[in-house]
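Keeping their order, the protein sequence lines are chains A and B.
Numbers given in my numbering equal positions in the first sequence, counted from 1, plus 575.
Numbers given in my numbering equal positions in the second sequence, counted from 1, plus 575.
Note that these hints are calculated values from the structure, not bench results.
Given the structure is predicted, the values throughout are model-derived calculations rather than measurements.
Mixed in with the good hints, there may be bad ones.
When chains are identical, the list treats them as one kind, so a pair holds in a single copy or across two.
Unchecked claim - Below, simulated DSS-like cross-link-like pairs (lysine-lysine); rule was C-alpha separation at most 25 Å, straight line:
1. 639 with 862
2. 659 with 719
3. 690 with 911
4. 900 with 862
5. 861 with 778
Protein chains: 2
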Amino acid sequence: MVKAKEKLNQLGKSLVEQAKKGENPNMDIPIRALSNVTYDQKKRMIMMGNKSSKRYLFNVAHIKKFLQTTEIAANVQKLLVAGKHVSLRQAFYMMRRTIPGTQIDVVEEQEESNKAVEDLELVRGFSREELNINANKNGSAAGKIIIKDKGDIIDWSKLGSGGWAIPSNTEDIEFKKVDAKFVIYMEKAAIWERLHEDRVWDKLNCIIISSQGQATRGIRRLLRRLNDEYKLPIYILVDNDPWGYYIYSVLKYGSIALANISEKLAIPSARLIGLTCEDVNKYGLKKYLIKFQKVDESRLNQIKNYEWFQSKDWQRELKEMKDQKGKVELDALVAKGVTFISDVYLPEKLKSKAFLD
Amino acid sequence: MVKAKEKLNQLGKSLVEQAKKGENPNMDIPIRALSNVTYDQKKRMIMMGNKSSKRYLFNVAHIKKFLQTTEIAANVQKLLVAGKHVSLRQAFYMMRRTIPGTQIDVVEEQEESNKAVEDLELVRGFSREELNINANKNGSAAGKIIIKDKGDIIDWSKLGSGGWAIPSNTEDIEFKKVDAKFVIYMEKAAIWERLHEDRVWDKLNCIIISSQGQATRGIRRLLRRLNDEYKLPIYILVDNDPWGYYIYSVLKYGSIALANISEKLAIPSARLIGLTCEDVNKYGLKKYLIKFQKVDESRLNQIKNYEWFQSKDWQRELKEMKDQKGKVELDALVAKGVTFISDVYLPEKLKSKAFLD
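I would like the entire structure built from these sequences, with the hints used as guidance.
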């Protein structure tokens, strides 16, 4: 955290120096737009380009945003000194003061404070976590790992039916003992409960993690760190539909909205463990097909055009899904037997290494 | 769990006996409609009345539903024997078989299997948890309590920044050591993280629990059991708006949709610890008022008419909110200082016992 404080100090000092030299104080702000985002083939990540624009204090069009960015910088400095964290919503309220001698509030809508936080991330290459501003909290974890967090030693294999509740910020977690050989991340808490009740993590020697829908930033950093620091393969388990595949792609390649921190969040080696169209055939799940709505079809077409889905394997997969004209949920595996996913599906997929990459 | 198995056996036997006697096999199904729901002043709970209707096997209008109810009963019996749980979605897939010799599926939409589960709950007075059918999983807990769950001893005061992830089903949790004097339930995970970082549960000697939005059934049963078995007061901490107050009312009085199990879920002694309109004034939060939309206003009017909000104190509170013409979020307390809610707001509320009941 010293690092973040220093970076903020540098920002403040550079503004003061500009003023002392009689210059118009300014900041370089990288452009956060689709035109400045590219897919890096080599890194296999969605990356931000290096276009930027200058923002000046003495410029009627810039001054409010300039003030908002320095205001959040000052508030974050306070958080860092106190060792406290706030949510984005709470950061909005921290900034909601009236400028003395005026009737003007520094921010009126959360959108403004969010943008200020984003700008600060871009100006100095922070991640939001380093700024002590937390994203959403969601998700559960269980498995063969012992961590240390806030001074507590926590064994993820001894947490009953609930598991460990994943915090919004997972930067400071220490991994003390990692017996797991891989991690399965799934988009659905109900599937997590299925695997957990069957003690899949014990039988297969792994870690199971879920949220509900898109993975939170806390979960993404946790997966990324387990992949970086312990070389654990990350397997993504989602529904056989465009939405599930998009969840996979965000975990693997990053996203357009957060292209600036793909290098901290993306996991290029992550692989899809299912549910694929091949699985749908092999395990006789066609019966449980749910017909695509228009919205599913257009999402599928979008995804099919993404640069990072252009490999032969993925194009074939998405073509098959298109021909299939419907989606199949992971829950449908229950029709084959309550513990089918744990006893048959996952062990077979792991043994045959039938992953989509 | 033996109890549920026996009840299911009784159901099966009674149907067989009716058939043997040459009667048309039938079940008594209590009517699940607003016309059969009342607010019980004495119990302070929303209760289901005793109107019911008969459902017959040999009746063209009844037979499909009759089959669906017995089908879910048979599937639940399998779950109970195996000691396994499924979600409502998974229960749907368990029931999705084609009737032999026909092209007809037992269920086609989840709505049908949900209704079958509900019917089974009503026919024999089960709760869904007893049927091994789980609701959603969500929420975190921390505080001065040690529990035993699935053979694991879990100390909620030693779980780092994440806390314990609350399972969808909390029936089998054992409370081993309860040092906490009360429980605070809050609707927002970000507020939970605020209180947890400030170690409020340690300073105030309590338990803190949150979900995101409405409490899950797992959380409601957990709160109810702590209230029943250890007489811990339950304090509800929500936004100062009609939606927050409704969350409070569901926890306290139960809901119309689940009136049949109010006696297992409702907590009539639960009290609102904030945010009240008085708090908004006292702590100078008027500045952070967010103007009501039409939808907020009509929700407020609805709530004001509910039988269980007719006390003098509540009518005054809701009148004040109407005059206030806007809502105030708990997050706004951060504007008074990051730890204001933990260091000032909650201790003062607890000391002055300024609860709405």
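Hints, verified against the model:
Within a single copy, residue 639 and residue 862 get their C-alpha atoms only as close as 58 Å, which misses the 25 Å cut-off; across copies the closest is 20 Å, which meets it. In the homo-oligomer, the alpha carbons of residue 659 and residue 719 lie at most 25 Å apart only across protomers (22 Å), although the nearest pairing inside one protomer, at 30 Å, exceeds that limit. Taking identical chains as interchangeable, the C-alpha atoms of residue 690 and residue 911 lie at most 25 Å apart only when they sit on different chains, with a minimum of 22 Å there against 48 Å within one chain. For the identical chains of this complex, residue 900 and residue 862 are intra-copy neighbours only, at 13 Å inside a copy versus 52 Å across copies, given an alpha-carbon limit of 25 Å.
In the homo-oligomer, the alpha carbons of residue 861 and residue 778 never lie at most 25 Å apart, since the shortest distance is 29 Å inside one protomer and 56 Å across protomers.
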